[in-house]
Amino acid sequence: MQDLASAFATALALIAAGDRSVAQIVLLSLRVSLTALMVAALVGLPLGALLAVTRFPGRRVIVVVLNALMGLPPVVAGLLIYLLLSRSGPLGPLGLLFTPTAMVIAQAVLITPILAALTRQVLEGLWDEYAEQLRSFGASAARAVPTLLWDGRFALLTVLLAGFGRASAEVGAVMIVGGNIEGFTRVMTTAIALETSKGDLPLALALGMILMLIVVAVNVLAQGLRDAAGRWTG
Amino acid sequence: MRAPDTILPLRTDGLGFTAGGVPILADVDLTIEAGAPTLVIGPNGAGKSVLLRLLHGLLAPSAGCVAWDGPAPNPERRQAMVFQRPVLLRRSVLANTLYPLRLARIAGDESEMRARAALSLVGLAALADRPARRLSGGEQQRLALARAAALGPEILFLDEPCASLDPAATRAVEEIVATLAGRGTKIVMTTHDLGQVRRLAGDVVFLHRGRVREHTPAAQFFAAPASAEATSFLRGELLW
Amino acid sequence: MITIMRRTALGAAFALLALPTLAQERSITVASTTSTEQSGLFGHILPIFTRETGITVRVVALGTGQALDVGRRGDADVVFVHDRAAEQRFVSEGFGRERRHVMYNDFVVVGPAADPARVSGGRDTLAALRGIAAAKAPFVSRGDRSGTHAAELRLWQAAGVDPLAGRGQWYREVGQGMGPALNTAAAQNAYILTDRGTWLSFRNRQDLRIAVEGDARLFNQYGLMLVNPEKHPHVKAADGQRFIDWLLSTPGQQAIAGFKIGGEQLFFPNAADAEPVS
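Residue numbers (this note's numbering), protein chains in the order written: chain A, 1 to 234; chain B, 1 to 240; chain C, 1 to 278.
No lab work stands behind these hints, which were simulated from the structure alone. The reader is advised that the hints may include incorrect statements.
[Said to hold, decoys possible] So these bits of chain C aren't anywhere near chain A, every CB distance computed over 12 Å:
hint: 1; residue: Ser-27
hint: 2; residue: Val-57
hint: 3; residue: Phe-202
hint: 4; residue: His-232
[Said to hold, decoys possible] Label-pair restraints from in silico Cβ distances:
hint: 5; chain 1: A; residue 1: Ala-229; chain 2: C; residue 2: Gly-43; range: 44 to 52 Å
hint: 6; chain 1: C; residue 1: Asp-207; chain 2: A; residue 2: Val-65; range: 34 to 42 Å
hint: 7; chain 1: B; residue 1: Leu-234; chain 2: A; residue 2: Ser-140; range: 41 to 49 Å
hint: 8; chain 1: C; residue 1: Gln-206; chain 2: A; residue 2: Ala-162; range: 50 to 58 Å
hint: 9; chain 1: C; residue 1: Glu-264; chain 2: A; residue 2: Ser-6; range: 23 to 31 Å
hint: 10; chain 1: A; residue 1: Val-43; chain 2: B; residue 2: Gly-236; range: 56 to 64 Å
hint: 11; chain 1: A; residue 1: Leu-4; chain 2: C; residue 2: Arg-118; range: 32 to 40 Å
hint: 12; chain 1: C; residue 1: Gly-263; chain 2: A; residue 2: Ser-6; range: 22 to 30 Å
Each residue gets a CB set at the ideal place from its N, CA and C atoms; glycine is no exception.
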């Protein structure tokens with residue numbers, strides 16, 4: 001209990017003081033996770049929508065693989081990307097290992113299957129409703145994809161939030177490919193892991209509280225947006 | 001009138017449809033000409049909706065074929081359909097009307113003009129910026145009609161458009177249908193409302209158990225139905 | 001709709017481009033150990049180096065074995081670790097340029113205040129290890145091929161005890177860094193070998209205290225190597241060498257000596273020692 005109280009006090013003190021290194025870590029966390037979310041959304045949303053509207057041989061296999069990839073252990077993803085980006089790996093010449101870009105790649109790889117699988121689920125319901133009408137208008141499956149993505153935008157916001165949550169809470173992969181370098185690739189989760197390993201549990205917990213606060217704030221913002229717009233479109 | 005630039009008449013030859021081994025429609029030979037509305041009637045499960053979907057191309061026939069015998073090319077672009085429960089996009093009334101026009105690659109200015117004209121026709125011009133799914137049931141169906149009408153189709157399929165509407169909304173939809181028919185749009189519509197048939201029909205297609213029992217001018221259908229089933233149907237007796 | 005998607009795509013592309021531009025400053029990557037990073041040594045000396053040279057040093061803190069692997073793969077410019085045998089292998093395999101002594105500190109054996117193996121207070125590490133094994137008192141091992149792990153295994157061997165016989169019972173390998181291993185030992189009231197630096201900066205000691213210290217066998221030498229640019233041409237040899245030279249120079253050695261926790265010096269520069277005790 002004392003640890004918890006002390007963690008809470010530390011968290012408040014860190015926020016109140018506007019601690020520069022904490023602020024830097026928070027900003028990097030947001031930048032990395034939001035960039036990863038954007039990249040993953042560009043691939044995952046259209047892919048999920050396409051899977052929702054098309055029926056082709058092998059589609060079920062892709063759906064099963066996507067669902068399985070949702071459970072891809074971050075450490076495994078991190079290791080694969082480490083080996084790819086390492087100077088001795090195929091993408092070594094890019095020099096991306098131990099950079100924020102490597103962390104973006106790792107998080108994007110982790111959440112793309114989540115976004116695609118959830119998007120497919122959300123849009124399949126919408127497609128059931130729209131399919132006949134859109135085909136009556138002469139819309140091809142490819143043309144239906146942007147329509148569904150746009151009309152499902154508020155449900156997809158929840159999908160994006162799930163992706164963001166997973167990305168920002170992830171530690172195993174970014175630790176491996178980012179290296180947790182102070183002032184360069186240290187994000188909230190790796191900082192928490194570091195403080196835990198240094199035995200500074202109150203500080204670790206305080207950072208955890210700040211991370212939760214950020215995630216909650218992002219969710220509240222998105223939910224508010226969704227509600228406001230939802231009232232409009234019905 | 002459209003004169004030679006037409007996709008009509010629409011002809012079916014031995015048209016049949018089977019779903020999961022169960023025959024829904026069989027041996028449908030129909031010719032649908034330009035002119036007054038054709039109303040497709042029959043008891044529940046007679047295959048009315050399936051027939052409309054086959055004609056519109058939403059379903060592929062299990063047997064026979066659907067042929068557009070007119071000289072005009074691209075018949076699939078000159079028809080539209082409105083469903084029993086209107087499928088409205090989660091957008092504004094105007095955006096809903098614009099959607100199929102944009103899909104048909106009609107230029108921005110013209111599509112805007114046509115969309116607004118169609119909304120005026122159905123009396124929704126003032127609600128153009130409202131979210132479509134906030135409209136009442138009758139308004140939603142009128143919007144679906146406007147959306148189809150904006151495309152300027154030569155033939156418009158209506159699948160029980162008034163089935164879930166109250167009498168006032170039904171009257172509004174019928175007025176719109178009559179107006180469109182008067183402007184030369186061929187209407188093919190299913191209904192189970194005999195009053196509606198009397199008010200709108202030029203000719204009647206009577207379906208029973210997946211087969212066409214009669215296809216006659218409306219007046220003749222009501223005056224002297226040829227089949228026993230049609231006679232019972234007109235008397236309001238239950239058919240199966 | 002399409003415009004929106006295009007805009008999103010453009011935004012994403014810019015965001016991606018923006019990340020590497022931050023990496024444009026002059027920098028080197030150093031693979032080092034958790035003991036140097038987590039004790040706070042780098043936080044103390046690196047700003048001094050950066051101020052003098054304008055070179056930013058990015059430290060990836062791992063166990064010595066992993067740090068050497070990072071060097072082998074060419075993912076670091078300098079390796080700064082503490083396992084002499086492994087370091088010599090690294091150099092003889094051609095992955096590192098010459099190995100230089102830079103500083104030392106010492107290991108300590110810490111254990112619960114209750115001291116169930118009755119080894120506390122002595123200076124004889126080997127006797128203490130034998131006592132722990134005989135009492136089957138819990139002992140936490142890093143088990144992660146780190147320098148500390150290697151040192152621990154050498155000590156067991158010298159003591160004539162095979163700890164692996166107690167695996168799963170009193171000998172507990174956690175396969176993690178020094179900090180997590182200390183957390184585990186604190187939670188389980190176990191003995192553990194730790195470097196003094198991490199111990200001094202460790203905050204979650206609970207009932208643990210130093211049991212054995214001051215034994216010559218607990219000496220812990222740190223070495224410094226430039227990753228061989230002949231193996232990995234992209235290695236920033238000039239800037240990496242600059243870092244090594246600075247650490248070995250008087251200002252660098254003074255910076256190391258100046259790092260203290262609670263008034264206690266943690267690392268002792270010894271670049272001048274040609275062949276230190278080991």
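Handout entry: Violated hints, by number in ascending order, as checked against the structure
Key = 1, 2, 3, 4, 6, 8
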